[in-house]
Structures are given as structure tokens and as C-alpha cells.
Amino acid sequence: MKPGRTSLLLLALTLCACQREERQFRLDPPISASLQAVASMPDGISGAPPDTYRVLGKPYASNAYNLSQGKQLYTWFNCNGCHANGGGETGPAFLDGWWRYGPDIISIFVSIRDGRPRGMPAFRDRLTTEQIWQLAGYVQTIGAYSAKTAAPARDDAMQSRPAENRAPAKSSFASDQWPYPPQ
Amino acid sequence: MALSTPIAVRLVLLAPLVLCGCAGASAGWQSALQPHGTQAMALNRLIWILIGVGAIVWVAVMLVLAGALARRSRSARAGHTVDTNTERRMGRAVGSAVLATALIILGLTLTSFLLTRGLSASDARALEIEIRGHQWWWEITYLSSQADQVFTTANEIHVPVGRTIHLQLAAADVIHSFWVPNLAGKQDLIPGRDNSLTFAAQRPGVYRGQCAEFCGLQRAHMALLVIVDPPEAFEHWRRAQLTPAANPTDPQQAEGRKVFTSKPCAACHTVQGTSAAATIGPDLTHVASRRYIAAGLLQTTRGSLAAWIADPQTLKPGNNMPDVPLTATELQAVSAYLAALK
Chain A
122 MKPGRTSLLL
132 LALTLCACQR
142 EERQFRLDPP
152 ISASLQAVAS
162 MPDGISGAPP
172 DTYRVLGKPY
182 ASNAYNLSQG
192 KQLYTWFNCN
202 GCHANGGGET
212 GPAFLDGWWR
222 YGPDIISIFV
232 SIRDGRPRGM
242 PAFRDRLTTE
252 QIWQLAGYVQ
262 TIGAYSAKTA
272 APARDDAMQS
282 RPAENRAPAK
292 SSFASDQWPY
302 PPQ
Chain B
324 MALSTPIAVR
334 LVLLAPLVLC
344 GCAGASAGWQ
354 SALQPHGTQA
364 MALNRLIWIL
374 IGVGAIVWVA
384 VMLVLAGALA
394 RRSRSARAGH
404 TVDTNTERRM
414 GRAVGSAVLA
424 TALIILGLTL
434 TSFLLTRGLS
444 ASDARALEIE
454 IRGHQWWWEI
464 TYLSSQADQV
474 FTTANEIHVP
484 VGRTIHLQLA
494 AADVIHSFWV
504 PNLAGKQDLI
514 PGRDNSLTFA
524 AQRPGVYRGQ
534 CAEFCGLQRA
544 HMALLVIVDP
554 PEAFEHWRRA
564 QLTPAANPTD
574 PQQAEGRKVF
584 TSKPCAACHT
594 VQGTSAAATI
604 GPDLTHVASR
614 RYIAAGLLQT
624 TRGSLAAWIA
634 DPQTLKPGNN
644 MPDVPLTATE
654 LQAVSAYLAA
664 LK
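Protein chains in written order, with the working numbering: chain A, 122 to 304; chain B, 324 to 665.
Bound-form chain A, shown alone:
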């Protein structure tokens, strides 16, 4: 390849790096209201997200800024108090990849918003809908089955667990020792 073309190609590749992830700080009120309309199954497990969620490009599962906000809410709203850093204590663990109410973001959203039996409180009067989505997105990454391309901000403190985009649960599935029934 000629040096001129090589440098052009290199320049193009370098410019690709300029694309920055979009941070959306403000949702228009009708959009944030529509994100409330989750169609969950009658037993509260799994369901369909509102159409706006798909139109927005599933921002709470794939956008690093939203995942970081979720991580901050996880600490601020004392999720650590019961679930620890995902390892579980009074509440169930997330790291092991076993989801009592299913692994999809809708179930996690409904769990946070409405609470669950045996101790999980409802946060619908404590968090806004957008915050619940952010938190659900973050919680899902803790026990995700496959690696994600987006990750929340790194901890300043010592790491107590694998990074959120590392798919910690994957190895559990490969193992014959996995103690839980298939989901």
C-alpha cells in the first residue's frame, strides 16, 4: 500500500476513536412516564419492556453512563446492606448468575419497583422510574451471562469481585457443579 493511502487509513481509524458515547441527562417527561409501563407476566417474572425502551436503543443495558449511575445508586440506596457487593448476605447473591425471578432486565426492574416477598422492599416512592431502570441495568451486569461492551466506572477501593463487564456467571454455567436448576 502506498504511504499516502496508509496514512489516510490510519487517520480514518484514529478519527473513529473520536466518537464518544452519548450521555442523556434528561428524558422528556412523556418518555420517562412511558418507561414506567412495563408489561410483566402475572407472576411478576419476565415480561416486555415498553416500546420506548426499544426505540431509545435499550440505553439502560448498554450505556456506560447509565450503568455508572446505577452503580452509584446501588451504594447510595444501600443495596449493599442485603446483597453485599453482589455476593449476597441477608438477600440473595447476584454474582452466581442464579436469578430467583429470571435474568432479564424487566424482572429486575419489577423487583426493585414493587419489591418481592421475604424482605425486598419496594422502591417506587424512593427512586424515579429512570433511576430504577439505571439500577436494574447495573444489577443485571453483576450476574450477567455474557460479557458486555459497556462497563460502569471503576472502583477506587480494592476490587472485591470481577469487573461488571466480565460475565462472572459464565463459568458457573460451564461447570457440572452448578447447583441450581436451569432457568
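One or more of the hints may lead you astray.
[What the hints assert, rightly or not] Below, simulated DMTMM-like cross-link-like pairs (lysine to aspartate or glutamate); rule was C-alpha separation at most 25 Å, straight line: (1) B:K581 / A:D246; (2) B:K586 / A:D149; (3) B:K586 / A:D235; (4) A:K269 / A:D225; (5) B:K581 / A:D235; (6) A:K179 / B:D634; (7) B:K586 / A:D276.
These aren't lab readings, by the way, just hints derived from the structure by calculation.
All values reported here derive from a predicted model rather than from experimental measurement.
Keeping the supplied structure of chain A fixed, place chain B upon it in accordance with the hints.
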């Protein structure tokens, strides 16, 4: 400007622009050039001494250089001969210049040491205040050995004139920096590290400070006020801050309190005397007694409170206050309640 304009003329034309910058920096309540605190005065004196000595040295060097250039052109015409007498004089001139350099540097070092020695001196009866930097606001806790004398406020520090103030600086998320130029020098607030800063204000007044370290998108909206009061006025303010929040005086305010404590507001903010006791956002027990809301963004009025609650992400994009959906009636009630929290 035409290309033929001499450089000297261009510099003269640029000078007013540069001076404008100085005038802006020296205007009033946020200026290192109008010191009203013991520490800021010492720093101010030091900077003027450094500038003065530096200016004298610069002028002297320029004069000698000009003289040498003039002499060189004369001696070049006259031929190049140096006798032993001249050589001795030249040696003496160079030697004394080296000695003068050493003495000036030593002198400036000593001056700097003597003037800044007292900057971090605190005394036993200093007022202890803890300042915690958040993205993007200041959490301010007045400490005391008696638990019932401790209280928390935000973005506004009141101090008595003349008394030594000892600030304990901490950060919740990223590195911030505390700088109220009229009163003291700059000190960083670093997560996981204890820093401190001492100052004593010499004149009552209102002084402004701003985060002096880039800490994110809204750093420009991370201001704080230091209000220096006479001792009796400070004591009056301190007593008022220690009381729980005012009770609602009309049905709308009562409704506002109900909305505040039942909606997500109470999940982040504290209002002493109600069930709202969270410490994620600023303490709002006496929010209406503060001059500004949202760290210097808006003056505190019922209207600005309502605007802030209705749409914080438009007013200060990226801050951690969410858009909480409220009906118009709820918004009116909450703003009435908060505006009454003097």
C-alpha cells in the same frame, strides 16, 4: 491589523485587554488581590514582594544589557584590546553579579518561609468545620465535642470575624479544591485523604469561592459563599441552624411537607424534624436561609426552588438531582414548604 504595524505598537494595543483581565480578577468578593483574611494578606504581601524584586532585577539586567550592547559597538570600532586592569574590573563585576543572585534567591526564600510559616497555624479554640466536596456541591458540617451542637448545611459557610477557622477537607467522589481567594490559599479535597486549611477573616462581608480543580461537567456551578459575621450575629445564626425545620404555617405548606416526605425527595435529602433523614443530597432543614440553591446556580426564591425541582437536568445538566414527576399542585405545595424553611 496591517502587517507593517510594529510589534511594540501591537503590544501597546493589547495591553488594555490584559489589564481588563486583571480588573475582572480584582473585583470584589472573589479576588486574591483584595485580601481580607490573615492568610490571604500574607500571600498577597508575598506575591507583591516577589513581583517587586523580580521587576527591579529585570530592569537592572536590561539596563546592563543595553549598556553592554552600546559599549560593544564603540569598542568594536576602537579595536579589541583588554589590559590587566580592565580584566580585573570585569572579574569583579561578574563576581558581584553572581553574589547578588545568590543573595536575592536566599532573601526571597527566607521571605517566603517567614510569610507563609503562619499559614497552617491553628489554635485550640479554632472553629472546626468539615467540608465534603460532592459533584457538584459542598456539604458543610460544623463539628463540636457535644453531639447536640453538630449541624450540617450546604454551600454556605458562616464564620465569626477574627476567629481562627480550621477546615477539615474531604471528598465524596472525585478531587475538588477549596479556594476562597479573599480569605486564604487553595487546598484540594481528595477522596480517601484528610486535608486541612486554616483561615481567619479580618473584615465582615460576603466572600465567594469556587471549586478550583476540574471535577466534571458542572464545575462552574460549584460555588460557595463564606459569610463573615460579627460574633453575636454568628452565634444567632448558629443557634437558628441547630433548631429543627419550621413547621408549616398554612395548609399548602403542610401539603408540601407531605409530598416531600412521601416522594423520592426524602430518599436523598434531610429535613430535621421530619421523617426525611437521608444524606445523599444537601441538607434542606434551613434551605431558605441560604442565599443560593444548587451551589451558586440560582438565588433562593420560591420560584427558583420550583424551577429547580421541576427540571434540574435542564438547569444543571448531569447533576445527581433527578427529574421527579410531580403534578402542578404538588410542585406548588413543595416549593411553598421549602421556601418557608428559613
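Keeping to a limit of 25 Å between CA atoms, is the pair of K581 (chain B) and D235 (chain A) held or broken?
Cα-Cα ~21 Å, so holds.
For the pair supplied as a hint, K269 (chain A) and D225 (chain A), is the alpha-carbon distance within the 25 Å limit?
At roughly 14 Å apart (the allowed maximum being 25 Å), D225 (chain A) and K269 (chain A) satisfy the hint.
K581 (chain B) paired with D246 (chain A) [C-alpha distance capped at 25 Å]
Judged against 25 Å, a Cα distance of about 13 Å means the pair holds.
Hinted pair, alpha-carbon criterion (25 Å max): K179 (chain A), D634 (chain B). Please report holds or violated.
holds (24 Å)
Is K586 (chain B) within 25 Å of D235 (chain A), Cα to Cα?
holds (15 Å)
Given the proposed pairing of K586 (chain B) with D149 (chain A), does the C-alpha separation stay at or below 25 Å?
holds (20 Å)
Would the pair K586 (chain B) and D276 (chain A) pass a check requiring their Cα atoms to be no farther apart than 25 Å?
Since the Cα atoms of K586 (chain B) and D276 (chain A) sit roughly 30 Å apart, the hinted pair is violated (cutoff 25 Å).
Checked against the numbered hints listed earlier, the structure breaks hint 7 alone; every other hint is satisfied.
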